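Line by line, the protein sequences are chains A and B. The first sequence: position 550 = 565 (the working numbering), numbered continuously. The second sequence: position 107 = 112 (the working numbering), numbered continuously.
These are computed hints drawn from the structure, not numbers from a lab. From a predicted model like this one, the values you see are computed outputs, not experimental measurements. Glycine included, C-beta positions come from ideal geometry on N, C-alpha and C. It is possible that part of the hints are untrue.
To give an idea of the chain B side of the interface with chain A (calculated C-beta under 7 angstroms), a few residues [stated by the list, open to error]:
1) L22
2) S23
3) C26
4) N105
5) P166
6) V207
7) E211
8) C267
9) Q346
10) T347
11) N351
12) I360
13) R380
14) I387
15) L388
16) R393
Derived BS3-like pairs: lysine-lysine, alpha-carbon spacing no greater than 30 angstroms straight-line [as the list claims (entries may be wrong)]:
17) A:K518 <-> B:K128
18) A:K488 <-> A:K138
19) B:K404 <-> A:K421
20) B:K177 <-> A:K202
21) B:K177 <-> A:K401
22) B:K84 <-> A:K401
23) A:K129 <-> A:K109
24) A:K409 <-> B:K300
25) A:K854 <-> A:K736
26) B:K83 <-> A:K202
27) A:K138 <-> A:K482
28) B:K231 <-> A:K202
29) A:K794 <-> A:K689
30) A:K62 <-> B:K226
31) B:K76 <-> A:K401
32) B:K197 <-> A:K96
33) A:K202 <-> B:K76
34) B:K177 <-> A:K96
35) B:K231 <-> A:K300
36) B:K83 <-> A:K448
37) A:K66 <-> B:K308
38) A:K300 <-> B:K308
39) B:K336 <-> A:K434
40) A:K434 <-> B:K415
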Amino acid sequence: MIKNTHHHKLHFTFLMQLPLYILLLCLLSLTAWYFYLNYSLFPTTEKRLQKIMLSTERTINSYLKTIEKNAHALAEHSHTKHFFNELLSQNASKKSLKDFTSFILLQQESMNFKNILLIDEKKTIQFSLDKNIIHQTLNIQDHRHSFLGLSYERSMMSLTPDFSEYGHDPLFEHPTLFLTIPVINNKKFIGILAYECNIDKIATITNQFTGLGDTGEIVLAEESDAFILYITPSRHDPDLAFKRRKLFSKNPPSIQKSILGEQGTGTAIDYRNIPIVGAWTFIPKVNWGMIVKMDQSEVQKPLTFILKLLLLCIICIIVWIIIIEYFCHKPFTHYIHSLQKKPFVKKIPSTIKNPFFLMLLLSCILLMKTIISYYHTSITTINEEKQNIISDIKNGAQEINQILKKISFTAQSIADDLKLQRLSHDDITKRLKRDLSENNNILGITIAFAPYKYNPETKLYAPSIYKSDNSYKEMMIEDLYDYTNPDPNNKTTAWYRKALQVKQVWLNTYNMPPSYSIAFFNTNNELQGVINITYKFNPIERITAYSSLDRKGYSVLLSENETFLSHPINSLVSSEKTLMEYAQENGSQTLIKIAQILSKHRPLFASYRTQNDPQLMWMYAEPIPVNNWTLIAIFSKEDISLTSHIIRHHYFWILIYSIGSILLACAYLFSIQKIRLIILIIAINLFLSLGLIITWRIIQLTASIKKGRSTIVLDQASLDKFLEDLEAEAIRKHESPPIQIPCGLLLYSLDMTEPDHMTISGYIWTKYHLKNHKDITHKIQLPHAISLINDYPTTSINGDWETVTWNIRGTIYEKQFYSQFPFDKQQMQITIEHHDIAKNIILIPDLEDYKKISPEETPGLDKNFTLSEFNIERTFFTYKQLEPVTNFGFIEYGKTTDHFQLIYNLIITRGLLGPFVLYVLPLLVVLFSLFAVLLVSKRHSKPLNIIAPYTGLFFALILLHRTLREQYSTSATLYIEYSFFFTYITIIILVIHTVITHLYPHWNYYQQKVFPLAKILFWPLQLISWLITTFIIFY
Amino acid sequence: MIQKKITVRKRYIILLLSALCLALLLFYYIFLIRSEDIIKVGILHSLTGPLAQYEKPVINATMLAIEEINKNGGILGKKIHPIIRDGKSESIYFSKEAHNLITQEKVAVIFGCWSSQDRKAVKPIVEKYNSLLFYPVQSEGLEDSPNIVYTSTIPNQQGIPAAIWCLQNLGKKFFLVGSDALFPRATNEILKDTIALFNGTVVAEEYISPENKNLDLLVQKIIETKPQVIINTIIGSDNLTLFMKMRKAGITSEKIPTMSLCIDESELQKHGVEYMVGDYSAWSHFQSIERPENKIFVEKIQKKYGHDFTISDAMEAAYFGVHLWIQAVNKAQTINTANVQTALKNQAFDAPEGIIHVDDTTLHTWSVSSIGKIRSDKQFTILWNSIRAIRPMVYPFFKTQAEWHALLDKWYKQWDNRWSQK
């Protein structure tokens, strides 16, 4: 019988364990399946996408071949040649024009082109279906480098058909793709036929999503001026066509490879910065890149599903183990016990067997790993950024060197030819004109002969050729002034004088065109004169400024004697100050040493502090070999280190592991009876409180504001870049560039009266050019103003400029975000626009009128400006593109022109003292009171005596909460509110506890075990709840 | 006892079998795996003779590309093993060595040849054995072969843009001068039609050969005919003599500028530049092209071969030729010629000159065209650049394909069944 029972027991245990084995088998299979899919999913998808890509490529190529065939047929057609000849000989009658137009229209039906242009040898459009562009020429500056102009040139120069780039052409008011093909008649080149392709067909091809799932799409793009230009709309972004992205940016999108001629498959990120799996190729005829892609998240869906199954399986296994433990007489516990009795387990020291010690060890390892990872990431980021800056500056210096080298070569080449008599005096003009035409950066060339060196009868002879618009003008310098004047203070003749002294000289006098002069000799090394070249400084200035645009630092260009040639602070350039003088003014010994080292013209990486700005600044200087100028990048460590968001992530994890380790250490010490329970409790509460305070400090130090879609203007260089891009965009769209009106602002006061309103007072001024802006209304508006008093403006005239100043007082709508109160950081914005913004007028920050434009110097705020509760961090200007959701009843409104609003930004952080005294302190008092009541309450205490204080504290808490809500009314939950919620829950639990104690005074388990535990865990639970909430909200 | 003996014997047999297996594995590893571990490619250029000085730098560029690929793990899991053969500056040796490379060395591809004569001599060999030749030098076109990839320019990518640029910027009266060989003859034939197309005139067309090298007479003729531009297709050191004599006779670049189609940076380096400064050249690639890819290429070459090493168009074409072949092999996943030929079509590469690609019908590359002005530092200032690659026009439309072939035959016969004057 006993045997039978035992047998039944075994049978039952086996039956119970069977599902466990099945589950374990499932777990194994699922893991294997997971790994198989993990390795095969992407390659399989890549192959599938490659097939789609090849098929799409074939379709596009076949369409392009049809276009070529059609264009060729038209260019070779006798009707085309005959009519083109008639046009050129101006014999085209109205009838022949009508006939040819009918012929083209007939062909249009079958060939599906948009337009046909006949362009003659002089690049004048002789025929087009769009009559508005007939007789327009591609030879003028704007059109010469247009896509059609460039394609015309390629086709004509190589006598072969050529596809243009696809994009907005200044001549046309829509995007164009042309195939240009030479027209030859009777063995003479008569012009080019430009066939405007219909791109809709290609958009239709790329808009097929069969086999591409829910996220797959086909994207086409081309390279345009070092930018990736997207060609067709995509599934995820119907406005993608004509959006641009910088080539070789930090995170290049997957399409970049295809644009640069690569074919392949793999994983990458796309234009939305989303990880994708794709297959890409290059379409050579049109130089387009194409990618067929799917989001990785969609491809990985089966993996996610298996992961979920795996998780479910693990949970089932754990649950089943618990069930077996309960129903089958704890087989696993017995097994562990039996294991512990084994001699080799007994040998293991008890410390290692202690679970707290093991957890402490794990926690410490994780802490070390996080700290190392943080330092590694931080150092890597800084080093990478440093290298990027060095590389940018080196490239910038190289570019400047190339420009200057070309100028010096031109001068040297003339000097050599004059010396060896390869250039005769008769050919001088011809040569100078040719040299001018071959170098766009040269403005003028002068050959100034030394007295009586041109010929013994002529004392001075200095022919000079300079560019004026599209022509060359000649003049004789000796007719204007005596260039041999030896007066050392005469700036006009410095180029000749200094070239004689030092043989070659680069001169950069403020407000005068920069020049390069070189002395030339005859074969006997006798001085013959000086060659002087004046050149454009803008390209060099632009390279200097743009060398630092992608980061927060700035770039400076110094001359050979360390005079500032380019600097964001214009006064340093205009005063022709040297770096040494600047260093001495600032009293920075390090900067003085740097200036001394830089005079040796060697690359230098250094750091320094100035008196005005105690921040540690880093700089990298790269000499420009051709003339010993120096290009310098200046930046602070904060500019290039990790973003505050990432730093906060790292700090949070370090803190979590630190607190964990300390608590586990305390628990371990308690477990080996090294400390008493009271010490343990005090230590836990102390460290948790400390952790909370440190967390708050981390939040304060790493607070940041999410950047919206706006262009930040920090200095003149970034403003220039923005305006230049705007002008380029306007030219591309065949629109006039925006009219720029300088505008400034000075705030006296700002008060945040209501959660969504702010009251301001101060001045706003605008400047109008007396001639150029005479037809413009002298008015500005603040579109977000609810009520505004702007008194009559005062006007003042200074030179050609009229300044209109408005005294403003009023209330402005400004949404504020309180969800992180009291650790919130606010960005207050005052939006300003010109009254006639729709007439293509843009306000530009009048940076020159601010003494200091660095955001930390808070330009635009009065000296006595203060803001209660807040600290002012920085102020700056931004631009925001107006994206109206309505056309205001005007059909054409906003169709092409971009309108930008000027925004004055004020970044403020909340002072913590106020909220702490008002809300945190009372809350702590309430919690202490609750704890005190809990401590003094006994098993036989009257329940009402205990519940009464709870109720009182509850009402106090409600009042406090209400005050908070009234002051910061928002739909979101404030951070500090969570502590109120926890206190409410605590009160409820305490009330329930009181009721249980009263109803079941003899429930010993509760009274002896749960009750004391509640007292012990009161503060740790409060603190842990606060900590977890803080980590979740601020992570 | 017997049982014990059987056990001992069994042990010996197992031991013997194991040793045999090990020996077989070793043999397989040494002779089979190792022999399959490399892919042989041929490099066929002159290491001796007068052309060696021009061709050695091209070998260097080819080797650089091969080294780069081997450094990155090779191709199809194998390293590339270059076998260099000497063409000895004579077409007959080029033909012989090409035959050896294909039949004896079993190379997968040949990178090489210099003059059009050499290429013409190798063409029947690569066609007969269905092999591949990557030809890195500018040519006259008028030829295509499924077994030759022409990585440099043909007249509509070099000579025609140069002539039209001269017509637009320098003048309409041309003097054509060249060596009496296939490239200059054919190019000038095409240029004459091009010049006429734009209402220009050719005042004279002169050729020099080893037998007829009276350069004084040539200069005299230039003075007499008063051209506005000289288009020069002279190959080799005769260029220097001609320029010296022209300058002596007062023909400066201001008076009559010269557009040369065979003078590159390496020529300037060898011959000296003082007589050529201010004149012009047309190529796809100049060392001074300001593209990041070109800067990297120049740095690589100079790092390996010295900072004074100048880079020519042919070197660049040889460099990207290797990369194009590698890309095609990668795409085809085999070195089989037929598969690689298919994979080569439309194969593109971001070359130092710009993005180029192989034409899908002719296997000529779409190349960028540039005009440069000779500087005193033996480099060029780029004056015009097509920005995008220009499609190759193998048979210019001035004549039919048959007419071009007839003309080629005529010259071939005229030169005693050779592709140049002796």
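Here's how the hints hold up against the structure:
1. L22: The hint is violated - L22 (chain B) has no Cβ within 7 angstroms of chain A, the shortest such distance being about 35 angstroms.
2. S23: violated (33 angstroms)
3. C26: violated (32 angstroms)
4. N105: Violated - the Cβ of N105 (chain B) stays beyond 7 angstroms from chain A, reaching only about 34 angstroms at its closest.
5. P166: holds (4 angstroms)
6. V207: With a minimum Cβ separation of about 14 angstroms from chain A (threshold 7 angstroms), the hint on V207 (chain B) is violated.
7. E211: violated (23 angstroms)
8. C267: Where the cut-off is 7 angstroms and the nearest Cβ of chain A is about 19 angstroms from C267 (chain B), the hint is violated.
9. Q346: violated (16 angstroms)
10. T347: Nearest chain A Cβ about 13 angstroms off; hint violated.
11. N351: Because about 5 angstroms separates N351 (chain B) from the closest Cβ in chain A, which is inside the 7 angstroms limit, the hint holds.
12. I360: Holds - the Cβ of I360 (chain B) comes within 7 angstroms of chain A, reaching about 5 angstroms at its closest.
13. R380: holds (5 angstroms)
14. I387: violated (10 angstroms)
15. L388: At 5 angstroms from the nearest chain A Cβ, L388 (chain B) passes the 7 angstroms test, so the hint holds.
16. R393: Holds - the Cβ of R393 (chain B) comes within 7 angstroms of chain A, reaching about 6 angstroms at its closest.
17. A:K518 <-> B:K128: violated (57 angstroms)
18. A:K488 <-> A:K138: Roughly 25 angstroms separates the two Cα atoms, so the pair holds.
19. B:K404 <-> A:K421: Not satisfied, since the Cα-Cα distance of roughly 42 angstroms exceeds 30 angstroms.
20. B:K177 <-> A:K202: holds (16 angstroms)
21. B:K177 <-> A:K401: Not OK: K177 (chain B) and K401 (chain A) at ~55 angstroms, beyond 30 angstroms, violated.
22. B:K84 <-> A:K401: At roughly 37 angstroms apart (the allowed maximum being 30 angstroms), K401 (chain A) and K84 (chain B) break the hint.
23. A:K129 <-> A:K109: Roughly 23 angstroms separates the two Cα atoms, so the pair holds.
24. A:K409 <-> B:K300: Between K409 (chain A) and K300 (chain B) the Cα gap is close to 13 angstroms, so the pair holds against 30 angstroms.
25. A:K854 <-> A:K736: holds (22 angstroms)
26. B:K83 <-> A:K202: violated (54 angstroms)
27. A:K138 <-> A:K482: Answer holds: K138 (chain A) to K482 (chain A) is near 23 angstroms, not above 30 angstroms.
28. B:K231 <-> A:K202: holds (25 angstroms)
29. A:K794 <-> A:K689: Violated. K794 (chain A) to K689 (chain A) sits at ~79 angstroms, over the 30 angstroms cutoff.
30. A:K62 <-> B:K226: Cα-Cα ~66 angstroms, so violated.
31. B:K76 <-> A:K401: Between K76 (chain B) and K401 (chain A) the Cα gap is close to 28 angstroms, so the pair holds against 30 angstroms.
32. B:K197 <-> A:K96: Holds: K197 (chain B) and K96 (chain A) sit about 23 angstroms apart, inside 30 angstroms.
33. A:K202 <-> B:K76: Roughly 53 angstroms separates the two Cα atoms, so the pair is violated.
34. B:K177 <-> A:K96: holds (25 angstroms)
35. B:K231 <-> A:K300: Roughly 42 angstroms between the alpha carbons, so the hint for K231 (chain B) and K300 (chain A) is violated.
36. B:K83 <-> A:K448: Roughly 57 angstroms between the alpha carbons, so the hint for K83 (chain B) and K448 (chain A) is violated.
37. A:K66 <-> B:K308: violated (42 angstroms)
38. A:K300 <-> B:K308: Distance ~35 angstroms between K300 (chain A) and K308 (chain B) Cα, so the pair is violated.
39. B:K336 <-> A:K434: Violated: K336 (chain B) and K434 (chain A) sit about 58 angstroms apart, past 30 angstroms.
40. A:K434 <-> B:K415: violated (48 angstroms)
When the structure is compared with the earlier hints, violations turn up for hints 1, 2, 3, 4, 6, 7, 8, 9, 10, 14, 17, 19, 21, 22, 26, 29, 30, 33, 35, 36, 37, 38, 39 and 40 and for no others.
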